[in-house]
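Single-letter residue listing:
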Amino acid sequence: MTRRREQARVPRGAVLACALAASCGSGDPYDATVLAAASLSEAFTEIAASYEGRHPGAEVALELAASSTLAAQVRAGAPFDVLATADERTMADAWRAELVERPEAFATNRLVMIVPADDPGEVRTVEDLARPGVDVVLAHPGVPAGAYARRALAALGIGSAVEANVVSNASDVKVVAAAVSLGEADAGIVYASDVTPALAARVRVLPIPERVGVRAVYPIAAAADPEHPRGSRAFLDLVRSPAGRRILAAHGFGAP
Amino acid sequence: MRTPRFVAALAAAAAAFFALPLIGLVLEAPWSSVGSALLTRQIARAAALSAVASTAAVGIGLALAFPLAWVLARTRFPGRRWLRGLVVLPMVLPPVVAGVGLLTAFGRRGLLGGTLDAIGVSIPFTTAAVVIAATFVSTPFLVVTLEAGLASLDRRLEDAAATLGASDARVFRTVVLPGLRPSLAAGVALAWTRALGEFGATITFAGNLQGRTQTTPLAVYELLQTDAGAAIALSVALLAVCLVAVVAVRGGLFREPR
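First to last, the sequence lines map onto chains A and B.
Note that this note's numbering has the first sequence beginning at 1, numbered continuously upward.
Note that this note's numbering has the second sequence beginning at 1, numbered continuously upward.
In short, the hints are calculated from the structure, not lab data.
Just so you know, not all the hints are guaranteed correct.
Residues from chain B that keep clear of chain A, each with C-beta distances beyond 12 Å, as calculated [what the hints assert, rightly or not]:
| hint | residue |
| --- | --- |
| 1 | A16 |
| 2 | A56 |
| 3 | E158 |
Have a look at the derived ranges for each label pair, beta carbon to beta carbon [claimed, not checked]:
| hint | chain 1 | residue 1 | chain 2 | residue 2 | range |
| --- | --- | --- | --- | --- | --- |
| 4 | A | A255 | B | A16 | 48 to 54 Å |
| 5 | B | V96 | A | P229 | 49 to 55 Å |
| 6 | A | A201 | B | F77 | 51 to 57 Å |
All figures in this text were calculated on a predicted structure; none of them were measured in a lab.
Backbone N, C-alpha and C define an ideal beta-carbon position, used for all residues, glycine too.
Kindly produce the complete structure, drawing on both the sequences and the hints.
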């Protein structure tokens, strides 16, 4: 009952979105609405530019937010073509709800610790995060980056000590990077791929020991009911192509 | 001029635009489990923090707004328009911009960061930051209503009281303050509800931590991603509180001075 009503709502929402965007009438079949995890921001922005170069006239609408935020939007009936999340659980939920086609892993990522360049909290190792008085910012536990970070800290046996130092549960991993790069927090845990040249200029990157073994796996899937079926297929193909993989690798992502 | 029928129809459509989101919230709320959805530790802490922070923001806001409103309403000086623009700017500023601005002013690396650090104070990610963010966005409502109230007072009453030998303090207490009561009540209600609803500046400047900086709107945003039913239930509760505040102002407190 709820389900049918929600599905009935989608086309109306799409019509309204079209009316507001005023671009649907002249839309290109290769347009694509792509929802991607915040940590994919730079890589997917570049892939989208490459896509638009291959399909002249087509436009990629890219929405970048925490995977859990994107999943909530998809559940609420937001129109989209491709969903890429930073963890398999969020994607599995969307798949079970029959909102996406069968997902496929396309990239991996690892965690690093960042501290402001002048290191006000004197954080040298991951164990220092547990020292009282160190202001730590993590992504919210409901966000993949926050869940991975907590899994790593728990594996190191400092989960609750660090939790006591957490001053903010950021809404997505990019907010963690911002808090540290502005010097407002003493340390944060982000993905290796988040350390862009701009961020690297403002922070120091410290490793999280390999033995923790936290490896983020990124799945991607086409919408079950895509707005632009051709665009959906073509964008997915590009992400999984050698060209797409090259862009992902250049931004610090590993192969699945 | 009589009201043309199409104007009434357009007004009805406009009213529907405002009513539909509220109706949607009420219809979608999980009424059967609304009690258990709202009676969680997270929501209790968020509600308590919101109530305290909004009230503190209005208290501080009154101390800031009274002198500003007085100067704006009763004195003439170059740059008065600019001062008024500056003071009401937070009403129209995107709240996230307000949050970034607060970081650049009161953050650890902000303009006052070094000074604050010297006395051992760090504001971002603290409850104090929640109050500062709420004060920043809500005080303009107090300034605007108090300035309008001061401007509408009949100055002759004050002059008469003074002529009869009343001191400034007595004139303020017995003539000005009673005359200001309606605008004061309206300003307090508007500022308090604005502070209660503050989101963007708060999450930017104060972060999001249960029990310390997670206010009710931040809890709604977080719950929306994990438990949409609880998020809607909490939204309805916030809606009810705001409705009571607005209706109280229009109905009881905001009576026109006789």
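Right, here's what the structure says about each hint:
The non-interface label for A16 (chain B) is consistent with chain A: the shortest C-beta to C-beta separation is roughly 15 Å, beyond 12 Å. Every CB of chain A is more than 12 Å from the CB of A56 (chain B) (nearest about 20 Å), matching its label as outside the interface. Residue-level check passed: E158 (chain B) sits 48 Å from the nearest beta carbon of chain A, beyond 12 Å. Roughly 53 Å separates the CB atoms of A255 (chain A) and A16 (chain B), a value that falls within the hinted 48 to 54 Å.
Against the hinted window of 49 to 55 Å, the Cβ-Cβ separation of V96 (chain B) and P229 (chain A) comes to about 35 Å, which falls outside the hint. Our hint of 51 to 57 Å for A201 (chain A) and F77 (chain B) is violated, since their Cβ atoms are close to 45 Å apart.
When held up to the earlier numbered hints, the structure conflicts with 5 and 6 and fits the remainder.
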